[in-house]
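Protein chains: 2
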Amino acid sequence: MGIGIDLGGTNIKGGIVDEQGKILRELSVKTDSARGYADVKNDLLALIKELLLQAPAEQAIGIGIPGILSADGSTVVSCPNLGWKNVDLKKDLEDGLTQEVQLVNDATAACIAEATFGSMAGCDNTMMITLGTGVGGGLILNGRIITGAHGVATEVGHMIMAENFYSCGCGKNGCLETFASATALVRYVKMRLQNGVTSPLIAEKKLDGKKIIDAAKAGDPLATEAVDRLAKYLGWAIANISDIVDPEIYAIGGGLSNAGGFLLEKIRIEAHKRLTYPHNAIPEIVLARFRNEAGMIGAANLGKYR
Amino acid sequence: MGIGIDLGGTNIKGGIVDEQGKILRELSVKTDSARGYADVKNDLLALIKELLLQAPAEQAIGIGIPGILSADGSTVVSCPNLGWKNVDLKKDLEDGLTQEVQLVNDATAACIAEATFGSMAGCDNTMMITLGTGVGGGLILNGRIITGAHGVATEVGHMIMAENFYSCGCGKNGCLETFASATALVRYVKMRLQNGVTSPLIAEKKLDGKKIIDAAKAGDPLATEAVDRLAKYLGWAIANISDIVDPEIYAIGGGLSNAGGFLLEKIRIEAHKRLTYPHNAIPEIVLARFRNEAGMIGAANLGKYR
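Just so you know, the protein sequences line up as chains A and B, in that order. For the record, in the first sequence the residue sitting at position 200 is 200 according to the numbering used here, with numbers rising by one throughout. For the record, in the second sequence the residue sitting at position 68 is 68 according to the numbering used here, with numbers rising by one throughout.
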């Protein structure tokens with residue numbers, strides 16, 4: 001058992017997670033980040049204490065953070081959704097508790113959830129790739145999470161792939177997430193529409209990743225072009241990641257993974273084309289099993305992968 | 001102490017390596033790969049036995065292999081220099097010994113040597129990149145070597161970077177080693193000379209990496225263009241690797257690294273341009289310390305990083 005917290009921009013969710021990865025009890029409060037760090041931290045603490053009342057023997061408390069942690073995992077270096085910079089969240093929470101608190105990046109938490117109970121269960125070398133507004137990653141090698149010497153490992157969304165028509169929020173041009181996120185799909189389709197390509201998508205008032213994928217499924221050529229482009233760059237990135245760390249399996253998660261087998265099959269084909277050993281070293285590529293509960297389940301099981 | 005063997009295409013070198021990384025005793029025989037696996041294996045065995053006579057208490061025997069190993073490290077899946085495919089070298093040697101034999105890729109052995117006693121000593125997250133005929137890699141994360149789920153991790157030379165004017169021996173187009181090896185330098189300069197670019201290099205009967213680097217150091221514009229191109233793609237690859245595993249330090253080895261600070265500085269600049277966190281997550285990039293002895297020293301210390 002463990003207590004897992006998923007700190008999101010909208011909600012703080014906490015759960016008591018059992019040995020089979022089931023959430024026995026779940027609590028949730030609005031994040032309300034506008035109030036600032038001290039208040040959100042106090043809400044986190046109150047939520048943890050409430051969960052501890054129901055699981056008083058619990059010693060494992062993990063928190064999934066949508067941001068960058070310091071190499072030692074104690075400080076939230078940057079968490080844009082909450083407006084946090086260099087806050088000592090681990091210490092600040094532990095000051096109010098008798099238990100240790102461990103922090104983890106949210107995509108790494110999702111990787112842990114999949115590797116422990118989900119679509120990558122039983123594998124020691126696993127990679128999670130989340131496709132949402134951006135592209136995130138989590139990596140487990142030899143049964144341990146990879147966080148890096150500076151805490152910035154698995155920032156796979158920022159691998160530079162090729163020149164792109166718009167630059168990434170990080171300041172670079174050509175980052176994977178400008179090719180392979182929901183944002184990238186929308187930007188690409190809008191650019192092509194502006195260039196005069198015709199598509200029923202032009203009637204959409206608020207274009208999003210789901211609408212583009214649905215249009216591609218329905219056979220719209222522009223939407224297909226956009227989704228194929230995403231799959232090409234993501235498959236290419238997966239092949240390159242395999243050249244570096246050679247995972248046994250990749251799980252694709254995040255909002256865009258709701259596209260299911262339609263998108264997955266395209267990604268598999270594009271990755272396979274670019275593998276260095278396409279005959280004898282083929283990673284599996286699967287859909288993630290967990291959705292919103294991934295962060296809690298992963299954070300609760302963090303201790304097993306440190 | 002340990003016994004480390006460096007199995008090369010030309011020589012088999014074996015050494016007794018002490019706790020400070022010094023080679024106390026070294027033996028060498030010609031590899032003579034034309035004779036086939038059984039004979040070369042017998043030479044290996046004889047060399048190990050001779051070293052054991054001088055270090056009878058030794059239990060750690062490691063062999064650096066210029067090829068691909070199986071995920072469990074027991075089989076040489078492919079070793080082009082020796083013409084080996086799927087040979088059970090570990091078992092075949094252990095049948096003639098009372099000690100365990102451990103196999104490791106030669107670039108990983110070099111990474112171990114640098115991480116234990118060389119230019120990356122004291123670091124837990126280290127990457128070795130060897131620039132020679134091809135581009136090789138070795139990676140240590142959390143103090144353990146990364147070999148991958150299929151044994152093909154750190155094949156960094158085969159990351160696809162961009163379209164290139166010639167294809168890689170692996171069958172793909174755009175692999176890092178077609179941009180950043182000695183072979184790449186020579187091919188690029190020859191292509192440019194054929195296209196009518198003028199350079200004193202046209203007088204060279206047998207162009208090689210060293211001649212091109214020396215010409216660049218002397219200010220030749222074509223040689224400079226070739227070396228700058230190498231640095232650009234290698235720096236780009238280093239930045240992308242940092243986005244995946246975030247090493248603390250990279251060591252550049254292999255024949256081309258004899259270019260020294262001239263090349264190193266260019267690589268540093270190109271990598272730094274492409275880092276996702278250029279202000280607070282900057283990997284060191286240094287020259288490897290060891291040359292021909294790296295394989296022996298690394299192989300002898302393999303057990304510490306398993």
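Mixed in with the good hints there might be a few duds.
Pairs involving identical chains hold if they fit within one copy or between any two copies, as the list cannot separate such chains.
[Said to hold, decoys possible] Taking lysine-lysine and the BS3-like style, the derived pairs with C-alpha atoms no more than 30 angstroms apart in a straight line are: (1) 41 to 232; (2) 85 to 273; (3) 205 to 30; (4) 217 to 266.
It is worth saying that the hints were derived from the structure and are not from the lab. Nothing here was measured: the structure is a model prediction, and the numbers come from that model.
Here's how the hints hold up against the structure:
1. For the identical chains of this complex, residue 41 and residue 232 are neighbours neither inside a copy (41 angstroms) nor across copies (44 angstroms), given an alpha-carbon limit of 30 angstroms.
2. Taking the closest pair of Cα atoms, residue 85 and residue 273 come within 30 angstroms of each other only across two copies (23 angstroms); inside a single copy the shortest separation is 41 angstroms, beyond that limit.
3. Only within a single protomer do residue 205 and residue 30 lie at most 30 angstroms apart by alpha-carbon distance; the minimum there is 29 angstroms, versus 73 angstroms between protomers.
4. Within a single copy, residue 217 and residue 266 get their C-alpha atoms as close as 12 angstroms, which meets the 30 angstroms cut-off; across copies the closest is 47 angstroms, which misses it.
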